[in-house]
Every structure is written in C-alpha cells, then in structure tokens.
Amino acid sequence: KNEVEQSPQNLTAQEGEFITINCSYSVGISALHWLQQHPGGGIVSLFMLSSGKKKHGRLIATINIQEKHSSLHITASHPRDSAVYICAVFMDMGRRALTFGSGTRLQVQP
Amino acid sequence: DAGVIQSPRHEVTEMGQEVTLRCKPISGHDYLFWYRQTMMRGLELLIYFNNNVPIDDSGMPEDRFSAKMPNASFSTLKIQPSEPRDSAVYFCASTGGGRHNEQFFGPGTRLTVL
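Chains A and B, in that order, are what the protein sequence lines are.
Per the working numbering, the first sequence runs over residues 27 to 136.
Per the working numbering, the second sequence runs over residues 14 to 127.
A few of these clues could be false.
Unchecked claim - Cβ pair distances, simulated, as ranges:
| id | chain 1 | residue 1 | chain 2 | residue 2 | range |
| --- | --- | --- | --- | --- | --- |
| 1 | B | Pro74 | A | Gln35 | 23 to 29 Å |
| 2 | A | Gly78 | B | Gln30 | 46 to 52 Å |
| 3 | A | His95 | B | Glu31 | 40 to 46 Å |
In short, the hints are calculated from the structure, not lab data.
Computed from a prediction, not measured in an experiment: that's the story for all the values here.
For glycine and all other residues, C-beta sits at the position ideal for the given N, C-alpha and C.
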C-alpha cells in the first residue's frame, strides 16, 4: 500500500464545475504539499498545509491531521486548470523531503 | 530571482555513456533536492542536501548514480554508466530553512538513454 493515496486518478469536468481531489496518507506527517504539473511538465507549488484551510483565488485546500486526509477544491473550474495535481507529504518531524502521491489528472472541458 | 535553473533541458545519450545533470538553486536556499519522475513510479526522491551536505541518499538507485554539491549555488547528478531504464525526467528543487518549507522546482531535465 502506498503511503500517500490520491483519488480519483483521472477526472473530467465541464467548465464551471466544482472539483474535489482527495489525498489520504498512512503515516504521521509534519506538513502536506499540493503541487500542480502542467502538460509542459513544470511543477508548481499551490499550497503548503500543516492544519486547517488555505485559499488562493479559486483554489481551496483543507487538511484534517487526525483523519490523515486532505482535499483540494477548485471552484468555477476552467480549461486552464487542466493539469496533474499531486499531493506530497513531509513524513516525520525531522525529515525535509517529500513523499508523493501518484497524482490526479484533471481535464476541464469548455 | 530566476528560480531554480537546470541544465540541460533535454539529453539523449546512448547506453553506457556518462550523463551529468546540473542544478542551480534559488539564492539563499539551504536545501536542495533531486527527484526523478517516471510513468511507472511517479515522482521519487533521489537525494537531498542541507548546506551542501548530503542528508538522505536512500533513494539513489544504485552505485551508478552519484550527486555532489560543491557549493551553495551548484549541484550535479551523475549517472555512469547510463542504462535505458534511467530514462526519466529529473527535477531539482530548493527550499529555505523556514518553517513552511515550500519547495521550488526547476523545469526538469528529460533524459533519454537509447
């Protein structure tokens, strides 16, 4: 079993829909990272979370440390949101490196 | 700041050749990470450095892989000899030692070993 699990693996939505991507992890973490990878391949950090909720524009990320679960929400989705969204966690207090989920491929159709 | 810089962006080589990938982290960042991305395994950590010192190299696949960080502004990842299964995108990322530890990724090097 992977230490970081994402669902769904693939998601197709219509423009304007509300989208939720889920991430569950099986180990203790110090923080969780949501990343976006566009078809060109570059990776961009969207959020870094250790508790609660963060919002940036149409993107919202939440984390529940007790339940070992995080969600990434996209409101009013747009075709330019089409990308792979990757959840990654910092495992243990002392380690700095990231352990990655397998990613969710999102396609938003106009 | 220009962000994390990697070179080359693309590399095609033949099996058995030596490959060297380069990374310049963001100025002032004291952590540097090398990751590999493949279709089969996704993103994986290879090695990371703190203040130019390797901290965790448990992800380095085998002795054919080596990484160095001779100073705060430069790191290399070397594969010798290269094999077709090393074909992947190699990312370098850096971060400052601050609490939130957000990592900034370079554009990646796409390596193809024939």
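Now the hints, each set against the structure:
no., hint, in the structure
1, B:Pro74 x A:Gln35: 23 to 29 Å, "25 Å, holds"
2, A:Gly78 x B:Gln30: 46 to 52 Å, "50 Å, holds"
3, A:His95 x B:Glu31: 40 to 46 Å, "44 Å, holds"
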